[in-house]
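Protein chains: 2
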Amino acid sequence: MRRPYGLEGLPHQVTVYEVGPRDGLQNEAAVVPVEAKAEFVARLAGAGHKVIETTSFVHPKWVPQLADAEELLARVERRPGVRYPVLVPNERGLDRALAMEVDEIAVFASATETFAAKNLNRSLESQFDMFEPVVARAVAAGVRVRAYVSMCFADPWEGPTPIPQVVEVGERLLGLGCYELSLGDTIGVATPGHVTALIEAFGSPDRLAVHFHDTYGQALGNTLTALRAGVTTVDASTGGIGGCPYAESATGNLATEDLVWMLDGLGVETGLDLGKLVETSTWLAGLLGRPSPSRVVQALSKG
Amino acid sequence: MRRPYGLEGLPHQVTVYEVGPRDGLQNEAAVVPVEAKAEFVARLAGAGHKVIETTSFVHPKWVPQLADAEELLARVERRPGVRYPVLVPNERGLDRALAMEVDEIAVFASATETFAAKNLNRSLESQFDMFEPVVARAVAAGVRVRAYVSMCFADPWEGPTPIPQVVEVGERLLGLGCYELSLGDTIGVATPGHVTALIEAFGSPDRLAVHFHDTYGQALGNTLTALRAGVTTVDASTGGIGGCPYAESATGNLATEDLVWMLDGLGVETGLDLGKLVETSTWLAGLLGRPSPSRVVQALSKG
Chain A
1 MRRPYGLEGL PHQVTVYEVG PRDGLQNEAA VVPVEAKAEF VARLAGAGHK VIETTSFVHP
61 KWVPQLADAE ELLARVERRP GVRYPVLVPN ERGLDRALAM EVDEIAVFAS ATETFAAKNL
121 NRSLESQFDM FEPVVARAVA AGVRVRAYVS MCFADPWEGP TPIPQVVEVG ERLLGLGCYE
181 LSLGDTIGVA TPGHVTALIE AFGSPDRLAV HFHDTYGQAL GNTLTALRAG VTTVDASTGG
241 IGGCPYAESA TGNLATEDLV WMLDGLGVET GLDLGKLVET STWLAGLLGR PSPSRVVQAL
301 SKG
Chain B
1 MRRPYGLEGL PHQVTVYEVG PRDGLQNEAA VVPVEAKAEF VARLAGAGHK VIETTSFVHP
61 KWVPQLADAE ELLARVERRP GVRYPVLVPN ERGLDRALAM EVDEIAVFAS ATETFAAKNL
121 NRSLESQFDM FEPVVARAVA AGVRVRAYVS MCFADPWEGP TPIPQVVEVG ERLLGLGCYE
181 LSLGDTIGVA TPGHVTALIE AFGSPDRLAV HFHDTYGQAL GNTLTALRAG VTTVDASTGG
241 IGGCPYAESA TGNLATEDLV WMLDGLGVET GLDLGKLVET STWLAGLLGR PSPSRVVQAL
301 SKG
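Those sequence lines, one after another, are chains A and B.
Numbering-wise (full-length UniProt numbering), the first sequence opens with residue 1 and increments by one.
Numbering-wise (full-length UniProt numbering), the second sequence opens with residue 1 and increments by one.
Quick caveat, the hints were computed from the structure, so don't treat them as lab data.
Quick reminder that beta carbons are idealized off the backbone N, C-alpha and C, glycines included.
Treat the hints loosely; a few may be bogus.
[Stated by the list, open to error] Quick partial rundown of chain A residues pointing at chain B, CB under 10 Å, derived from the structure: (1) Y5; (2) G193; (3) S204; (4) D206; (5) G240; (6) V296.
[As the list claims (entries may be wrong)] Partial pick of chain B residues on the chain A-facing surface, computed with a CB cut under 8 Å: (7) Y5; (8) V34; (9) R207; (10) L224; (11) D258; (12) M262.
[Unchecked claim] Coverage of chain B stretches by chain A, computed from C-beta distances (three or more under 8 Å per stretch; other residues unrestricted): (13) 25-33; (14) 124-138; (15) 192-205; (16) 264-274.
Modelling step: build the complete structure from the supplied sequences, incorporating the hints.
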């Protein structure tokens, strides 16, 4: 049906950082059995994913859905060439991650004062005190650390996030030893000019990834714009599951399938098999009891 | 919550060509009462729309939903400065349109042989015999004619549509006297590189509009790309209603609200009031008995 047409200024290859098992499932009310989670991760690897954020070592009180992190990691067959990062909120989480011999972790920072208070119970400034020992110990143990920066474009309480503030938070995280920043539009309000301005403010896109939510239908256009600004790592969630609990909408992360449809059409390599992704999302939708919000999944699973 | 950030290469102003009352409603199974259609058109004008494709003079046998075209046009209060084009399939339709003193019409051509046969019962070549007298008589009567070119990127039977074939069809329609071409991705499969290649193949974007469907989630990214290639008129449907009967999906036209969210964020003027559009779509969703597929409408009508 299609043949690729390239577009000036795009990378030849894009790394899709899959967040479905962690960022997607953590917002699901119904607890998914650990066997199904392990199958989800295995299916994602089978579809060609090379980075799958698998779970979180957050305290089970906060995210009961991910209380089975150890059991899940024990069940996941780690394929050579595939990374299985896990989210780690603090030193206690790091201890659990190191005990499970994870190869990569991610920390979750805030670009705004109010979200730092609500999500981390910290000030914008004091969040770094929490991350500093986590990153230092992880790096000393040979474990790479990614940093999420959330609310990079606006938050629901403060309005637009000043770009210099995002850059400062990001640079401090890189300074602690993180290898990559994932710039998150946690409430999905960004538009392409803002995306370009933020990436340019960092001076170089080399250590930046982007993480868009589709709350207002902007995720894919913003991603395209970020790619044209030099970013080559994109966060996405197979089936488009997930979403910010602070946004009153069923729509969540950028759907991996919608991204891959675009990148396949542009001739940009991802190593992903769209058919297998759609199969996985269709299976997952059955498990979760509701249709995938991905347009591609909706179209191809009915066709 | 937001302040605009511009992006290089975008126009300062975009004309949104609203297709909801015609392209949107024609695919609705349940017949909408003519009073409600008139209110829909009035609400669209009240939200700032300057071009509203109002109905179609197609034979009622083919599209029973639009059998009330005369009655609707009689009820619509035509505001100064607002254009109310109608679709006209043939000379009989033109007679009806002229009798109602419409100021603008649109014809609907195919870029592919198979769709010409299925939709027009014509060959790719002989469709021009049908359009020629319609355009000539309309122009002679002082009525402007827009031409839709459907299946510009692929069709379900022939696969990808060769770009030179689309350009030839388009240029012949311009040659007949049409003032504008609306390049349609009727089945929603296009990606940004293909969009740019097609627009560039025309030599100039000046008389081109774009018409994307969101079947695979690509409509807004493709629209952004078309704007960066110089196009300044974009077709959209308030609430995202409509869709190609040949695509097995609930998703239809690019939603006006999702487009306006992006353009507002980019500081591109449309003259449209997003809040009033969302109100209109929420009202229409109640009338149609199902939620709007627009992400913006979903987010803002729940928030």
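Hint by hint, here is what the structure shows:
Satisfaction of the interface hint for Y5 of chain A is found here, the shortest Cβ-Cβ separation to chain B being roughly 3 Å, below the 10 Å cut-off. For G193 of chain A, the interface hint holds, since its Cβ comes within 10 Å of a Cβ in chain B; the closest pair sits about 3 Å apart. A cut of 10 Å between beta carbons decides the hint on S204 of chain A: the least distance to chain B is about 18 Å, and the hint is violated. The interface hint given for D206 of chain A is violated, since its Cβ lies 21 Å from the closest Cβ of chain B, which is over the 10 Å cut-off.
Interface hint at G240 of chain A: satisfied, since its Cβ lies 9 Å from the closest Cβ of chain B, which is below the 10 Å cut-off. Here the hint on V296 of chain A is kept, as its CB sits about 5 Å from the closest CB of chain B, short of 10 Å. Because the smallest distance between the Cβ of Y5 of chain B and any Cβ of chain A comes to about 3 Å, under 8 Å, the interface hint for this residue holds. The beta carbon of V34 of chain B is not positioned within 8 Å of any beta carbon in chain A (closest approach about 31 Å), and the interface hint is therefore violated.
Taking 8 Å as the C-beta contact cut-off toward chain A, the hint placing R207 of chain B at the interface is violated, the least distance being around 22 Å. This hint holds: L224 of chain B has a C-beta 5 Å from the nearest C-beta of chain A, less than the 8 Å allowed. Hint status for D258 of chain B: holds, given a least beta-carbon distance of 4 Å to chain A, under 8 Å. Hint on M262 of chain B holds. Least Cβ distance to chain A is approximately 5 Å, under the 8 Å limit.
Note: the segment 25-33 of chain B has 0 residues with beta-carbon separation from chain A under 8 Å; the three-residue rule is not met and the coverage is violated. With 0 residues bearing a CB less than 8 Å from a CB of chain A, the segment 124-138 of chain B misses the requirement of three and the coverage assertion fails. Remark: the segment 192-205 of chain B is confirmed as covered by chain A, as 5 of its residues place a Cβ nearer than 8 Å to a Cβ of that chain, reaching the required three. Given as covered by chain A, the segment 264-274 of chain B passes the check, having 4 residues with a CB less than 8 Å from a CB of that chain where 3 are the minimum.
When each numbered hint is compared with the structure, violations occur for hints 3, 4, 8, 9, 13, 14.
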